[in-house]
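Participant: Letter by letter, the chains look like this.
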Amino acid sequence: DAGVTQSPTHLIKTRGQHVTLRCSPISGHKSVSWYQQVLGQGPQFIFQYYEKEERGRGNFPDRFSARQFPNYSSELNVNALLLGDSALYLCASRLLGTTDTQYFGPGTRLTVL
Amino acid sequence: GIQVEQSPPDLILQEGANSTLRCNFSDSVNNLQWFHQNPWGQLINLFYIPSGTKQNGRLSATTVATERYSLLYISSSQTTDSGVYFCAVRAAGNKLTFGGGTRVLVKP
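Line by line, the protein sequences give chains A and B.
Per our numbering, the very first residue in the first sequence carries number 1; after that it's consecutive.
Per our numbering, the very first residue in the second sequence carries number 114; after that it's consecutive.
Chain A with its partners taken away, still in its complex shape (with noise of 0.2 Å):
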C-alpha cells in the first residue's frame, strides 16, 4: 500500500505571495493533520481534519488555513508568504481507534524569497 504522500516536494515562492500544499493520506485513513518543521526544531502542529472537519488548530495565523475533500486528501493553503513561513510542510494521516499511530508524508520544503 502507498504511504502518505505529498506534494510538490519542493516550492520556492516570494513574500506576499500564497501556496497550496497537497496531501493524500493511506488508504483507509479519515484523519489528515499538518505540521511546520523550521530548520532545527521538531514540528509543529497546524491543523487536524476528520471527517471533512476541522478537529483541530494549532497556535497560527489566519493566514493559514486547510481544507479536507470527500476523498479525505488535504489541502493547506498560506495567504501573504512571510520569509519565516520557509519550512518544511509535513502531512500525516492516521486510523482513528487502532493503535492510534500517526504516518508521515515526505514533506514539502517551502523556501520564501
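Read the hints as simulated data drawn from the structure, not as lab findings.
None of the values given here were measured: they were computed from a predicted structure.
Warning: the hint list may mix true and false statements.
As the list claims (entries may be wrong) - Which residues of chain A face chain B? A partial, calculated answer using Cβ under 7 Å:
1. PRO43
2. GLN48
3. ARG55
4. GLY56
5. PHE60
6. LEU88
7. ASP100
As the list claims (entries may be wrong) - Where chain A lies over chain B, by a calculated footprint (3+ residues, C-beta under 8 Å):
8. 141-155
9. 202-208
What the hints assert, rightly or not - Have a look at the derived ranges for each label pair, beta carbon to beta carbon:
10. B:ALA205 to A:LEU39: 26 to 34 Å
11. B:GLN168 to A:GLY3: 40 to 48 Å
12. B:GLY114 to A:ALA80: 23 to 31 Å
13. B:ALA205 to A:LYS30: 15 to 23 Å
14. A:GLY3 to B:LYS220: 24 to 32 Å
15. A:LEU39 to B:GLN116: 16 to 24 Å
16. A:LEU39 to B:ARG171: 25 to 33 Å
17. B:ILE115 to A:LYS30: 19 to 27 Å
18. A:GLY28 to B:GLY206: 17 to 25 Å
19. B:ASN169 to A:LEU96: 22 to 30 Å
20. A:GLN41 to B:TYR186: 22 to 30 Å
21. A:ALA80 to B:THR179: 44 to 52 Å
Just so it is clear, CB atoms sit at the ideal spot from N, CA and C, and this is done for glycine as well.
Since the structure of chain A is already known, use the hints to place chain B on it.
Facilitator: This is chain B only, laid out in the frame that chain A set:
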C-alpha cells in the same frame, strides 16, 4: 500545554556502540511515538509506545508513563542510524507535541 524535552541534544557514536536517548514529558499522555528523521526530512515511525517495552531489531523502547519518561535504546549502532530522533506525545486533543530532537551521528 504539555512540554516535551529530549536529551541529549547531540550524540556522536562510533559504529558498533550502544546508546540511550531520553524523552521527558510534563503531563499524562495517551500516545507516545518515536520517529527517526532521515536527511531528506522523512519521519519514519519507530515505535508507538504509550507504556511498556517494545523491541524491533537493534532498537528498543521503554515508556514509564507514571514517571513521565520514555527511553529509546540503539544497540550496535550503524552509520545508517544517523539522523534526528524525535519523541512525540499526545495528551488531550488531537495534536502530537514533539520534543526538540536528538541529533545522532554514527561514525564509521
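Participant: Take the hints in turn and mark each one as holding or not.
Facilitator: We went through each hint and held it up to the structure:
no., hint, result
1, PRO43, "holds, 5 Å"
2, GLN48, "holds, 4 Å"
3, ARG55, "holds, 5 Å"
4, GLY56, "holds, 4 Å"
5, PHE60, "violated, 12 Å"
6, LEU88, "holds, 5 Å"
7, ASP100, "holds, 5 Å"
8, 141-155, "holds (count 7)"
9, 202-208, "holds (count 4)"
10, B:ALA205 to A:LEU39: 26 to 34 Å, "holds, 29 Å"
11, B:GLN168 to A:GLY3: 40 to 48 Å, "violated, 23 Å"
12, B:GLY114 to A:ALA80: 23 to 31 Å, "holds, 27 Å"
13, B:ALA205 to A:LYS30: 15 to 23 Å, "holds, 20 Å"
14, A:GLY3 to B:LYS220: 24 to 32 Å, "holds, 31 Å"
15, A:LEU39 to B:GLN116: 16 to 24 Å, "holds, 21 Å"
16, A:LEU39 to B:ARG171: 25 to 33 Å, "holds, 29 Å"
17, B:ILE115 to A:LYS30: 19 to 27 Å, "holds, 25 Å"
18, A:GLY28 to B:GLY206: 17 to 25 Å, "holds, 23 Å"
19, B:ASN169 to A:LEU96: 22 to 30 Å, "holds, 24 Å"
20, A:GLN41 to B:TYR186: 22 to 30 Å, "holds, 25 Å"
21, A:ALA80 to B:THR179: 44 to 52 Å, "holds, 46 Å"
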